[in-house]
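Trainee: Dock chain Z against the given chain E, drawing on the hints supplied.
If you read the sequences in order, they're chains E and Z. The first sequence runs 1 to 93 under the numbering used here. The second sequence runs 1 to 181 under the numbering used here.
What the hints contain is simulated information worked out from the structure, not anything from laboratory work. It cannot be assumed that every hint is accurate.
With a cut-off of at most 30 Å between alpha-carbon atoms, the simulated DSBU-like pairs for lysine-lysine come out as follows [unchecked claim]:
| # | chain 1 | residue 1 | chain 2 | residue 2 |
| --- | --- | --- | --- | --- |
| 1 | Z | 100 | Z | 10 |
| 2 | Z | 120 | Z | 179 |
| 3 | Z | 101 | Z | 111 |
| 4 | Z | 101 | E | 25 |
| 5 | Z | 100 | Z | 111 |
| 6 | Z | 179 | Z | 111 |
| 7 | E | 25 | Z | 100 |
| 8 | Z | 10 | E | 25 |
| 9 | Z | 111 | Z | 10 |
| 10 | E | 42 | E | 25 |
| 11 | Z | 179 | E | 42 |
| 12 | Z | 111 | E | 42 |
| 13 | E | 25 | Z | 179 |
| 14 | E | 42 | Z | 10 |
| 15 | Z | 100 | Z | 120 |
| 16 | Z | 52 | E | 25 |
| 17 | E | 25 | Z | 120 |
| 18 | Z | 101 | Z | 120 |
| 19 | Z | 179 | Z | 100 |
Only some residues are given here: those of chain E computed to face chain Z with a beta carbon under 7 Å [what the hints assert, rightly or not]:
| # | residue |
| --- | --- |
| 20 | 24 |
| 21 | 55 |
| 22 | 57 |
| 23 | 62 |
| 24 | 75 |
| 25 | 77 |
| 26 | 78 |
| 27 | 80 |
| 28 | 81 |
| 29 | 83 |
| 30 | 90 |
Even glycine gets a Cβ: it sits at the ideal position worked out from N, Cα and C.
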Amino acid sequence: MTNFVLALVFGTFFGFALNKAGLTKYHKIVNVFRFTDLAVLKFMMTALVVAMSGLYALRSLGLLEFPNVPATYIVGNIIGGLIFGVGMALTGY
Amino acid sequence: MNFVMNYIRKEEWSPYVAGILLGLVGIAAVWASDSLLGASGAFENLAGLIGKAVAPAAFDNMYFNFIMPPGITYGVILLIGVFFGGMIGAATSGTLMWGKKGSANSDEQWKRIFGPQVWKRWALAFIGAIILEYAAGIAGGCTSGLAISGGMLLAPAAFLFIMGMFASGILTALIIYRKNY
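Okay, chain E solo, but in the shape it has when bound:
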C-alpha cells in the first residue's frame, strides 16, 4: 500500500516535470526530429546524467540496490526503437 502512495507521488512529479519541460506538446516532440528545438534531448540527457551519477554514487555507498535492469536483446531493442520513432513523430508522445 505504501508503495502505491509512493507511486502516486512520484508519478505526479514525473508528470509535472514533463509538462513544465513542454514534452506534453506535439510540436516539442516532433521538432527534435527536425532539429529546430532540442528541448527533448536537453531534458532527457539532463535527467539521465543526474540520475545515473546519483544512483551509481548511492550504490557505491551501499545505500541502495538496483532493481531489474531492462533486458538487452539487440535486435528487439533496435527494431522496437525503429517502430517507436514512427509513432513518436506521428503523435508527439
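Mentor: Same frame as chain E, but now just chain Z:
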C-alpha cells in the same frame, strides 16, 4: 521563496531544470520503492486485465501470463499520478485547457501540417498510439521506461532503443514535413 513561486508559475521551464527534477524523481523511485519510472507497461497490465475478463482464451498466452502479467501494478498507479501531475503543471501556469473550446486540437503546428479537424487529430493519435505501444512491447519499454530509466542504470538496451527511435523519428519527420523540414 517568491522567486521559486514565480518559477513554478512559468509555463515553460528550462529543460535543464525540469531534467534535474526528473532525475531526482528517478533516483527517489529506485531508492524508496525499488522501481523504475515507466509508462507503456501500465497500459499492457490494464489491457491484460480487461482482455482476461472479456476474452480469456485470446489472452491466455506467454506474453500476458508471464512477461506482462495483468493487474493494478505500481506502473498503473504511477500513470494516474502522471496524469494529475501534468494537469497540475498546466494549472500552475494557467494553460489548463480542460473543457475549453479548441482543446481537442490545440497545437498550432499540428493544425498547420494536418489541418484543423478534430477527428484527424484523434484518428492519428489513435493509430500512432497503437504503433507506439506495439513497439514498446517489442523493445521492452518506452521513452520513459526504457530510454530514461534504463539509461540511468546504463543498460545497453536503452541506448540501442534511443538509436532506433531517433533514426526512424527523423525519417518520419522528413516524410511528413518534406519541403518544410
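Trainee: All the hints need checking, so say for each whether the structure fits it.
Mentor: We went through each hint and held it up to the structure:
1. Z:100 to Z:10: Distance of about 21 Å is within 30 Å: holds.
2. Z:120 to Z:179: holds, 22 Å
3. Z:101 to Z:111: Holds. Residue 101 of chain Z to residue 111 of chain Z sits at ~15 Å (cutoff 30 Å).
4. Z:101 to E:25: Holds: residue 101 of chain Z and residue 25 of chain E sit about 17 Å apart, inside 30 Å.
5. Z:100 to Z:111: holds, 17 Å
6. Z:179 to Z:111: Within the cut-off at roughly 17 Å; holds.
7. E:25 to Z:100: holds, 17 Å
8. Z:10 to E:25: holds, 16 Å
9. Z:111 to Z:10: holds, 25 Å
10. E:42 to E:25: It holds: about 16 Å lies between the C-alpha atoms, which stays within 30 Å.
11. Z:179 to E:42: Holds, at about 26 Å.
12. Z:111 to E:42: Holds - the C-alpha atoms of residue 42 of chain E and residue 111 of chain Z are around 26 Å apart, at most 30 Å.
13. E:25 to Z:179: holds, 23 Å
14. E:42 to Z:10: With Cα atoms ~18 Å apart, residue 42 of chain E and residue 10 of chain Z stay inside 30 Å; holds.
15. Z:100 to Z:120: holds, 19 Å
16. Z:52 to E:25: With a Cα-Cα distance of about 34 Å, the restraint between residue 52 of chain Z and residue 25 of chain E is violated, given a limit of 30 Å.
17. E:25 to Z:120: holds, 17 Å
18. Z:101 to Z:120: This hinted pair holds, its Cα atoms lying about 17 Å apart.
19. Z:179 to Z:100: violated, 34 Å
20. 24: holds, 6 Å
21. 55: This interface hint holds because 6 Å falls under the 7 Å limit.
22. 57: violated, 9 Å
23. 62: Violated - the Cβ of residue 62 of chain E stays beyond 7 Å from chain Z, reaching only about 12 Å at its closest.
24. 75: violated, 9 Å
25. 77: It holds, given that the least Cβ distance between residue 77 of chain E and chain Z is near 4 Å, below 7 Å.
26. 78: holds, 5 Å
27. 80: Nearest chain Z Cβ about 2 Å off; hint holds.
28. 81: holds, 2 Å
29. 83: holds, 4 Å
30. 90: This hint holds: residue 90 of chain E lies near chain Z, its Cβ roughly 4 Å from the closest one there, short of 7 Å.
Hint compliance for this structure: hints 16, 19, 22, 23 and 24 are broken, all remaining hints hold.
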